[in-house]
Amino acid sequence: MKNTVKNIVPVGHIYIRGNVLKKGNIIGVEEEKAAWAKDLDLPRQGEYTFFAGCGYQFMKYAEGMTRAARTMQKVGIGMDKSISMNIHMSKVLGKVGIDLGTVTAKVSTAGKKDAYTTILTSAVSVLRKLGVDIGYLHQDEPCCGSPLYYAGFLDDYIENAQKNYELLKSLNIQKVIGLIPACTSSLRNLYPQYVEGFDLEVYQFSEVVAQELNKKKIKPKLREKLIVTYHDPCQLSRYLNVTKEPREILNNIDGLELREPGLEQRGQWSTCCGGGGLEAGSPELCERLGRRRAEELLATGANVIVSHCPACIMQLKNSVKRLKADVAVMDLVEILDKVLE
Amino acid sequence: MGKNKSLVDDLISLVGRDNLSDNLYERSAYGQAALEADLEIEKIPLVVVKPTSAQEVSAVVKYANEEKIPIYIHGAGTAFKGSTRPKRPGSILLTTQGLVSIEIDEDDMYFEAGSGVNQYELEKLLQRHGYMLPMNIGSKFSSTLGGAVAVNTVGHMVDICLGKIIDYVMGIEVVLPNGEIIETGTRSIRRPAGIDYTRFFVGMEGVFGIITKIRMRLLPEFCQAYVMGFFPELTDIAHAFMRFYKAKLPPPLYGEFLDQDACLAPFRIRGLAKPKGNLALVITIGYTQEEANRQAENMVKIFEANRAVEARVVTSHKERKDYWDARDNISNILQTEEGEEKLVNSGALECAVPLSHLADSIEFIRGAHKHRVLHEAKSFIYGHVGTCDIHGLWASPGSWPPKKRAECRREALLLENEVNLKWGCASGEVGQTAARIRFLKERYGEAAYSMLMNIKKAIDPNGILNPGNLEGAGYELG
Amino acid sequence: MNWGDSSKGMCDDIEKMERDIIDRIQVCNGCRMCVAMCPTFEGWYTQSAYGRLLAVNLHFKYGLGSVEELSRFLFECATCRRCQERCRVLSRNVGPADIILKARRLLVKKSQAKDTKGS
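Chains as they are written, first to last, in the working numbering: chain A, 1 to 341; chain B, 1001 to 1478; chain C, 2001 to 2119.
Quick caveat, the hints were computed from the structure, so don't treat them as lab data.
Errors might be hidden in some of the hints.
[Said to hold, decoys possible] Capping the alpha-carbon separation at 20 Å, the derived lysine to any residue pairs in SDA-like fashion look like this:
1. B:LYS1164 to B:GLY1194
2. B:LYS1318 to A:GLU264
3. B:LYS1403 to C:ASN2029
4. B:LYS1422 to B:LYS1441
5. A:LYS221 to A:LEU256
6. A:LYS175 to A:ALA210
7. C:LYS2114 to A:VAL11
8. C:LYS2061 to B:ASP1038
9. B:LYS1321 to C:ARG2088
10. B:LYS1342 to C:ASP2023
11. B:LYS1005 to C:SER2066
12. A:LYS6 to C:GLU2068
[Stated by the list, open to error] A partial selection of chain C residues facing chain B, derived with a Cβ cut-off under 8 Å:
13. GLY2030
14. ARG2032
15. ALA2055
16. LEU2058
17. GLU2069
18. VAL2089
19. SER2091
20. ARG2092
21. ASN2093
Ideal Cβ placement from N, Cα and C applies to all residues, glycine included.
Please model the entire structure based on the sequences and the hints provided.
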């Protein structure tokens, strides 16, 4: 990107833009896309198309990279510079066939189980347990392009959106179940504004699950009691207006006690955890937001923090760890997979 | 530039780097008051300071006296009549947002709070202990305790029910215009008779001193009952209240009204059915629930006897909240649908009229006046009818040229002036500075105004605290 | 769902974008109810929708202030939309979150135009 845009948009966003436009995902990794679905026997076509999104798939890389950026910051190399170095190194290594993203991830998560891609496999498992017929586009699933929109690259976003719509239409896709709230909100709220004739039906995972549980009158049960608090992701509660369904799901589980933060800290007023988009430009501010939200959630006395967004999960996991609290952070999907037969 | 640098450095040594901002964007945000349309670039304050103790406030004021730099005081900047906006260039903007201590002393029946404490946070804290905050202001989510005390207002509440805020202020800590810190009042629930320095500052809108801490009596919660009614005419509501007080019935805590047009957007936002008329809302109180309920039933009977098309006691919590929020969030009334031309606030009036003239003053404000531009704007009448306080709001399309909008604002002030002079009253909720100085002069005369200005000159010879406010700077009505 | 965005499709006219943003900001009456709602608020107005909107206003309507600083404030917004919800329920429904996003777009477009001109 030319000089002047660099003064306006934080380098992190510019880097992500490059990744989305060139590699089709926010981290810029090519080979591992859809690797999580390898052994799941997911057909390409189904009544609904399951839209996994970039977040859960690549969060382990994001963790690695942000850790690397933080470390560089500790030794005095600022965020912008460290990402610039990353970009520069990416280009250099790319020329000899080495993907820096994968290398960083492998180095920082070597030997650790990936907590995020298991959420994807659980999501598919849950939908299947509820009898929902899904297909998945595997390598062909595009990136919804949200980071472009929020960073201000509207033209790029629109071009990407139109391209994606054409692809989905060419595959005769009519109904989509989005897992990640940001992707779902992009497809449901933004695409219709910018793509002529957009006519896909877009559902969010928790909406579908709540509906099926209700229809089939399923009353799941936990083996051991859990005291849980729920964190509404901004994209789910305010962009998609989905606050009822996750609570219905949680309250429906026998053995689960739901404790909520204050009236003005939940639902449509849920306090942002800072996970979405601040990391790329303002990591220290991002960390402070995470701490404040974690403190609000921990004050409920729950043993488990439940949310439903990869960025929130990563942010809250890190914040809870920094606060040295013995509280687990789980996705709604994981709990569902545990309790459904 | 050089002078500014040393100003910033000097102030940093007094309040600390973290409690100061010299950033242009920050300064201009602090320099803008609520409801003010245009920014006066040359009057953007030079620096914003956020002292965290009376000692720091004192140091800043002493410094300002030495350097002859004016100070404008700001709680949350939500004053409606322009008191927080700098009237002179080259000022220091001092905000009380750093004075946020709260201590509750139940044994002596008071709490002490820094003037920068947020009203809503304070209200919630007191409620958790079984007390109520004896004020309820529409902007409480943003506004500070100090601001309300400086203006001596209780917002929506009916004055003759619980009193004005000064009735609860046992004492204050205040920084004088020369920087000296004094403490006033008492720790006893019986406040001083005769000379009590508290009265020199509460209600004086920051021109005699900067209030840094306030000691207030703890007031236990009352039992409440809730009444609502719809009326064909606004004046019907006025007559209902006139009858209510004639019958020597005890004042409710709140008596609110909202004209039918003003109900439309707030009702729509909350999914309420279209209003059946002009809305009246009342909250009665009692030491027992029976008492509150009995008063509520009395109110319903009076509503019914005054042409109400609907009048009832409301028991559902959700309904109470919805109707109250519809009235309380007055900014909602200007919401338009996307694509509709946006309306902007162009004129505001607030008058607390004599009881016997409640109905005819409403008619006068509504339309029986001769102000041309006001007649072109869209008017909304609402307010605290139970305490005889009427609000008028004139909204204009965003497309009106700035001059016309300024004329609308001017006419609203003139009308307000007219109402107060005609019926011998004054505004009862928001302060007099700086927009209402002409009224102050006309209503109470030159002798009183000279006395005020002489006192100000005597105690603030360098003109440090809020200069221009008592002169009505920027609000010359011509 | 209130998206407050009547500009369908790409908006190539930078002046129109600027005008639209400034007009929307004039609706704000400074009630400051959004301030305490902002998760990034740590005591200064520029850490809130109110301050960010006024910063955009100061820069584009009055031509003051540095664009780098303005962009820093705008990109420190978490785009959580809490301010927008607050303004809708309690106040004027100014659409502050949308305005901040529009302002980001405007800045990007302006700097991209500068790049093409400069090269």
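Here's how the hints hold up against the structure:
| no. | hint | verdict |
| --- | --- | --- |
| 1 | B:LYS1164 to B:GLY1194 | holds, 18 Å |
| 2 | B:LYS1318 to A:GLU264 | holds, 16 Å |
| 3 | B:LYS1403 to C:ASN2029 | holds, 18 Å |
| 4 | B:LYS1422 to B:LYS1441 | holds, 15 Å |
| 5 | A:LYS221 to A:LEU256 | holds, 8 Å |
| 6 | A:LYS175 to A:ALA210 | holds, 17 Å |
| 7 | C:LYS2114 to A:VAL11 | holds, 18 Å |
| 8 | C:LYS2061 to B:ASP1038 | holds, 10 Å |
| 9 | B:LYS1321 to C:ARG2088 | holds, 16 Å |
| 10 | B:LYS1342 to C:ASP2023 | holds, 9 Å |
| 11 | B:LYS1005 to C:SER2066 | holds, 19 Å |
| 12 | A:LYS6 to C:GLU2068 | holds, 10 Å |
| 13 | GLY2030 | holds, 4 Å |
| 14 | ARG2032 | holds, 4 Å |
| 15 | ALA2055 | holds, 4 Å |
| 16 | LEU2058 | holds, 5 Å |
| 17 | GLU2069 | holds, 6 Å |
| 18 | VAL2089 | holds, 7 Å |
| 19 | SER2091 | holds, 4 Å |
| 20 | ARG2092 | holds, 5 Å |
| 21 | ASN2093 | holds, 4 Å |
Comparing the model with each earlier hint shows no violations; every hint is respected.
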